[in-house]
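Asker: Work out the full structure, taking the sequences as your base and the hints as a guide.
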Amino acid sequence: MRGRGPERPRILIASNLPSTIRDLQRRKARGRRGLALIEGVRLVEEALAAGVAFKGALVAPDLARTARGTALVAELERHAVEVEEIGARSFAQLADTETPQGIIAVIEPRRWSASDFAPRPGAVALVIDGVQDPGNVGTLIRTAHALGAAGTVVLRGTADPTSPKALRAAMGATFRHPVVLLDDNGFIAWARTHAVTLWAAAADGVPLPKALGARDGERGTGPIAVIVGNEGAGIRPQLNAVAAQRVAIPLTQGAESLNVAVAAGILLYEVTRGR
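Quick note on numbering: the sequence shown equals residues 316 to 590 in my numbering.
Because the hints were derived from the structure by calculation, they are not lab data. One thing to keep in mind: the hints can contain errors.
With a Cα cut of at most 30 Å, we get these calculated DSS-like pairs of lysine-lysine [as the list claims (entries may be wrong)]:
no., residue 1, residue 2
1, Lys370, Lys343
2, Lys370, Lys480
3, Lys343, Lys525
Answerer: What follows is the structure, encoded as structure tokens:
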């Protein structure tokens with residue numbers, strides 16, 4: 316599509332991409348097809364910079380009204396990504412956000428397996444157990460990546476880390492940070508194979524300073540995995556049973572709890588700093 320004046324990137328008129336996007340709004344479809352949706356200019360830019368595979372992008376007319384939007388479409392086409400345009404109303408019906416930025420892309424994120432994730436001695440990993448809010452899951456992945464965790468293990472009962480909301484909350488961290496989905500047996504086997512020491516976050520656990528002091532005294536160098544769970548229910552009993560230690564963040568009197576992502580950030584920071 317060309318207008319008068321400077322050449323604009325070629326945009327195709329929509330074909331079957333909208334139906335693909337509707338399908339991928341369901342978790343089962345994302346799992347079956349190995350695809351995911353990302354929305355917004357910055358997240359698409361992050362995916363491109365990280366080398367994520369794209370299967371197509373859908374844009375609204377307003378995207379071309381900004382220099383950044385036009386440049387993004389040009390960059391997608393430079394990477395041989397098919398870009399399709401639909402009307403603003405139809406686009407809004409497909410968007411997952413209340414104020415869409417004019418672009419939705421279909422990507423093929425890397426799928427990590429347990430065999431891909433072998434933490435080195437001294438490494439720290441995050442384990443997410445039953446956190447059901449996708450925004451929290453994305454923030455947990457973003458936090459783990461920012462604090463230098465070797466990777467994140469996602470256990471059953473946890474929101475899909477490749478859902479649109481989780482990917483937005485992760486702010487591109489999912490594209491660069493290993494995220495492994497495991498069931499309980501697979502997780503326990505993985506931890507044993509790699510001699511990973513499991514620390515479970517718990518309100519009634521050993522205060523974090525004391526736990527870190529004991530660890531320093533042992534002079535252990537093996538990897539540690541910090542398990543965080545649902546803010547209401549906590550970590551499941553079967554995981555507490557295999558944890559070497561239950562640790563707690565000391566809170567001021569009258570404070571009941573922390574948001575799970577905030578708690579994970581404190582735990583990861585302190586454990587990583589002490590390695």
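Asker: If a hint holds in the structure, say so; if it does not, say that too.
Answerer: Hint check:
Between Lys370 and Lys343 the alpha-carbon distance is near 18 Å, which keeps this suggested pair within the 30 Å criterion. A hinted pair counts as satisfied when its Cα atoms are at most 30 Å apart, and Lys370 with Lys480 qualifies at roughly 19 Å. At roughly 43 Å between alpha-carbon atoms, Lys343 and Lys525 are farther apart than 30 Å, so this suggested pair is violated.
Checked against the numbered hints above, the structure breaks only hint 3 and satisfies the rest.
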